[in-house]
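If you use mature numbering (1 follows the signal peptide of the UniProt record, and there is no 0), the sequence shown corresponds to residues -26 to -1, 1 to 340, in order.
These are computed hints drawn from the structure, not numbers from a lab. All C-beta atoms in this analysis are idealised placements derived from N, C-alpha and C, irrespective of residue type, glycine included. Any given hint might turn out to be false.
Label pairs and their calculated CB-CB ranges [stated by the list, open to error]:
#1 Asn59 - Ser194: 28 to 34 Å
#2 Asp195 - Gln25: 43 to 49 Å
#3 Gly196 - Asn59: 21 to 27 Å
#4 Ile313 - Ser156: 51 to 57 Å
#5 Leu291 - Phe258: 22 to 28 Å
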Amino acid sequence: MTVLASLNCAVLGIAWSLSFLSCAHCGLSDHHVHSSFIYRRLRNHERKEIQREILSILGLPHRPRPFSPGKQSSSAPLFMLDLYNAMSVEEESAPQGNGYSRMAQPYRAAPLLGHNPALTTAHDTNFLNDADMVMSFVNLVEKDKDFSHQRRHYKEFRFDLTQIPEGEAVTAAEFRIYKDRSHSRYDNITLKISIYQVIKEYQNKDADTFLLDFKKVQASDGGWLGFDITATSNHWVMNPQHNLGLQLCVETADDYNTSEQKQACKKHELYVSFRDLGWQDWIFAPEGYAAFYCDGECAFPLNAHMNATNHAIVQTLVHLMFPNNVPKPCCAPTKLNAISVLYFDDSSNVILKKYRNMVVRSCGCH
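Start from the sequences, fold in the hints, and give me the full structure.
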């Protein structure tokens, strides 16, 4: 995951050389500036002092010691390298104090396996104009859960955002994942790739989740997919205890159409038979009626088909922030119809009576 953080500190454009001691300028015009350098090896205490000063300028309390990734290639360093090269191009082509542009070529790493095409796009580098720091985060979930036919398939991701400096605002955050091409008979299948925020976890059932973003792609497609999780990242930075990670779910078209029909709040069939109740001796008509009932999930985002009230929308948002205190909205009837019943009373009088609110006409989230 890549987070772009907007910092409040000043950007210091100083190029350092640990072996630089002095510079003698030749007496030439500004159009032909040459420099000569005198080098010597730094003493141990000088090196430590310079290291300390540079770390202070970089805002680092100590020298970072990242763990070794081994031989496994990591996409995060490659993505960050692309961003670095993009920034270098802008910096190198920026006008200098003398009105000229430095046209030196920025550093380019040797080609790396799988680094084709480039990981960054113009959309990615546009964020750099509003950000002073870019951070990529390592997934803390090392082992995936075993697949089960009784539970939906997903992959878990969890990131430690406590490393973002306190008081800084997240300008943009994006979850990126690479999809390989399918080279089989499933090439023409449409896939729905969804990213969910985990709201609450349970021991013996699936967690409560909140849909952040989704994309539909062909199985034959290959490349990087980006999901905007800026709002979620800001929420986690301000409330670290709510950071329960992300779930990535991949479904075929048939899977997600079926699951949406089962889970969404909607009207279901329910028929009440007076004959089956043994009441045919006193109810003359009707023999029964279609009552219907409402059932389904009222999960965010509440779409137009869910007939959600404004209160239900607010309650859903509050539930995301305080899942232990505020429940989800309920799926309930929004419109009801009446039925007429023709029956005999105890004196064998024939009664025709209308009973209101007996048939569910539509359902919604309340």
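Do the hints match the structure? See the list:
For the hinted restraint 28 to 34 Å between Asn59 and Ser194, the CB-CB distance of approximately 30 Å keeps it satisfied. Restraint check, Asp195 to Gln25: a C-beta distance of roughly 47 Å satisfies the suggested window 43 to 49 Å. For the pair Gly196 and Asn59, the supplied restraint of 21 to 27 Å holds, since their beta-carbon distance comes to about 23 Å. Roughly 53 Å separates the CB atoms of Ile313 and Ser156, a value that falls within the hinted 51 to 57 Å.
With their beta carbons about 51 Å apart, Leu291 and Phe258 fall outside the hinted range of 22 to 28 Å.
When the structure is compared with the earlier hints, a violation turns up for hint 5 alone.
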